[in-house]
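Assemble chain A onto chain F, guided by the hints.
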Amino acid sequence: MKTKIILLLWITSYLQLSAQSEPWPVGNFCTLGASTQVYLNKNTPADALIGLPRSGIFYEFSADFFQHKRWGLFGVFRWGRAADRDETAMQHFLENKYADYFVTAPRQNADPAKMRQFLGGIRYKIGNKRLQFQPGLAVGVTTAKFYPFEAAIKAPNSNTLLRTTATFNGVDYSRKKHFTLQLSEDMFYRLSKKDVWLQLTGALLMINLPYNTIQFNTQNQLTQESSSETIKSSKYRFSGSLSLGLVLQIGD
Amino acid sequence: MPTKITFLPALMMAFLAIFSISSCQEPCDFSPYQIDQSNWKLLELENSGVEPIIEYNSSISKEHFGIRIQYKMNIAGKLKSCPDNYYEFYNPVVEVIVYAMQDFDDTHAAGVSLNDYFIVRNLSDRTNLPYYKPISESLSAFVKYSYNSVGMVDLILIQPPAHQGPFQFKVKLKFSYQDPIIISSRTITFY
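From first to last, the protein sequence lines stand for chains F and A. Each residue of the first sequence is one higher than the last, beginning at 1 in our numbering. Each residue of the second sequence is one higher than the last, beginning at 253 in our numbering.
In isolation and in its complexed conformation, chain F is listed as follows (with noise of 0.2 angstroms):
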């Protein structure tokens, strides 16, 4: 229940550009911070294998355009680690399956996984000068790349090794654009007549997994037979983030 209950605590400092002379927020602005994302999913054996953590913290960078009184547009572009690299997991699960033989530690390329994520969509203003409220819809796209893990397994007592290729969406590394979407509630409150703001956020996001897949190629190396096996992780993955900020404007 506890993970359950984690809330993110999303700190980030913003830096507002604006080239307008009009208060804020109406203009253009650009945003740069980072942000924390918390799973809200459980964890399959799958995610465990792929070293998926329960948090991530991801950079990212924004652009609002609010030239309308109410209506405005905004783009996001985070990145970050899409997954530890950890061979633990993969280790055991690779002892478990093959019980009696001597099974090597499996190896993955060094890079750690690398998530991406471009969303765009609108936001909806209410309130007034010292508080507003800013809900928003966004849609994009979520990229991933995972290196494969190898490992060998040696039968004791027997010439039999076995060669086992652990793959993430059945190729040598997934890179597909995956859909996500992006609900966010932004609440900003003005300390100060100098628009000095203090930006609460809460976003859900809903991913359609890039990593859903891991397929084990598996070779004999004596008979030179393959076989493979699939595990599949859950379709989507729900993530959800609470940030607390200072929004400062440059400017007038």
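If you are wondering where the hints come from, they were derived from the structure by calculation, not from laboratory data. Among the clues, some could well be false.
As the list claims (entries may be wrong) - Below are the DSSO-like pairs computed for lysine-lysine, each with C-alpha atoms no more than 30 angstroms apart in a straight line:
no.: 1; chain 1: A; residue 1: K324; chain 2: F; residue 2: K97
no.: 2; chain 1: A; residue 1: K424; chain 2: A; residue 2: K396
no.: 3; chain 1: A; residue 1: K396; chain 2: A; residue 2: K324
no.: 4; chain 1: F; residue 1: K97; chain 2: A; residue 2: K385
no.: 5; chain 1: A; residue 1: K314; chain 2: A; residue 2: K426
Only a predicted model underlies this, so the values are computations on that prediction, with no experimental measurement involved.
Only chain A this time, still in chain F's reference frame:
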């Protein structure tokens, strides 16, 4: 504006050119290292564990038997500060035939090639996971440079003989230029 656009790539190219000139070290004519192989040996292996190890006992299980071809590498010629893996074997192996001095099974009498019954890998390739191939596909395993000047090629028996008893294995190596050589194992007893 157009001048600015053309100026920027030109500036980048100039930087690249300066960088590539400054990072150039002493001239290297890329003469390959000349490698000569000698002291060919055949050792018996016991493969009951994770990796094959040399077996000094003459009694070995036929289920996890292998042989190791070991050779010494002499690097001749001038060494330069060129790429380390740039080498050339004087007299590369062009054919390998493994056979036994006793009848192996119904289809493999004494002296008949047992190449189909062995898979091979070169041990100097330590960075990779064990990856064996049929002998016919991996002649390159016999011409691999190793830093410690000792080349080791493991041949693992995938099809044990039908019966137990004494066996002696021999490997005939044919080279590009020199006469073939034959290396022998000890006479061992399969159980």
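Now for the hints, and whether the structure bears them out:
For the proposed pair K324/A and K97/F, the alpha carbon gap of about 41 angstroms is over 30 angstroms, so the pair is violated. Among the hinted pairs, K424/A with K396/A is consistent with the structure: their alpha-carbon atoms are about 18 angstroms apart, no more than 30 angstroms. Of the supplied pair hints, the one linking K396/A and K324/A holds, its CA atoms being roughly 11 angstroms apart against a limit of 30 angstroms. As the CA atoms of K97/F and K385/A are separated by approximately 25 angstroms, the hinted pair is consistent with the 30 angstroms bound.
With a C-alpha separation of about 27 angstroms, the suggested pair K314/A and K426/A falls inside the 30 angstroms cut-off, and the hint holds.
Hint compliance for this structure: hint 1 alone is broken.
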